[in-house]
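Chains R and L, in that order, are what the protein sequence lines are.
Just so we're aligned, residue 1 is where the first sequence starts under my numbering, counting upward by one.
Just so we're aligned, residue 1001 is where the second sequence starts under my numbering, counting upward by one.
If you are wondering where the hints come from, they were derived from the structure by calculation, not from laboratory data.
Each residue gets a CB set at the ideal place from its N, CA and C atoms; glycine is no exception.
Here are some, though not all, of the chain R residues that point toward chain L, as calculated from beta-carbon distances under 8 Å: (1) V35; (2) D44; (3) L45.
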Amino acid sequence: MKCLYFLALAGLGSLVVHAQTNLTATPATPHGPTVITSDTADFDLGGHEATYRGHVRVDDPQMQLVCEQLIADVPQAGGHVNHIVATTNVLIDFLDSQGRTNHAISDKAVYVYAEQGGTTNETITLTGNPPNPQMLDAQSNTLTGDVIVLDCQTKHVTASNQRIVYRHNFSGAEAATNAPAANSGGAGTNNLSAPKKNEP
Amino acid sequence: MTRFWLATAAAWLAAAAFGLRAQQSGHATDFVSTDYYEPPRQQQVKSILSGAEALPQSGGVLIIKQLKLQTFDPDGKIQIIVTAPECVYDTQGGTARSPGPLQLQNGDGSFHVEGEGFLWRQTNNFLTISNKVRTRIIGGAKMISKP
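Just chain R, same shape as in the assembly (with noise of 0.2 Å):
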């Protein structure tokens, strides 16, 4: 699995957030409620789950997510959601570190937060789309992979046989707001194949 960062990928133009470089100085920032709403809910009361279905959308202040079903934990007093399992039709907009939106799609979305010896891990999985999870970043630069995941703490997104396109307007934003038509031989929109290996 290869290990695609942020920052590498940022410096190519292309997808998401900058990585961060000391996790232990960034201070812990409050975060605002999670709302989510469907047609219809299940509680498992004893087993402390509830499953969503129809018309599932997640508002929270980093992100939206919309699926057909959703099963998340029923946190107990002082708990926390460990676990969410989103499926069929997963759309995701996400917020990078410079307020930007990103876009996920895959069939599956799979949250976890685990809390180990001190050390925090929270990440999102996407599987299938299919064939394959994508995601879209502000200029529409596209990451597929088998599986995708995004490290919630160090920003970082993971993702198996992956394939990365950009969308490079070689003249700048001017041109790509009128962009010449295709064939002129000036400069537009392309899209470029990136090669399997992206590590700077």
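Model the placement of chain L on the given structure of chain R, informed by the hints.
This is chain L only, laid out in the frame that chain R set:
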């Protein structure tokens, strides 16, 4: 379950015998029904279903006003609190249902749910909300952390 029905019956008998809460119309106030875990935790409360009023209907059905359902872990910690203005409680089938609104929250209120129309099945402790489900999680799923 036997203890549950005994508790239910006892509550009704007490209300009828003392005549303090039972009224001429046949409804009782401050209705409380308690369910316990199976042995060996038979002393531990599993759930408490209460209401400001209970109006008996035919077939072992009660209309409960100001429903409050509390469920507890085996260690006594409160799991969930469900409240609703009204519901129909089937004492024989062990279900509570209503087309009206309800609210649900965990012990500290960090997980709060609203919805319309519900069915609670006592046997498996499952609650289905039929419409307009809205869950608010405070400090729960952080999802994407802001740097």
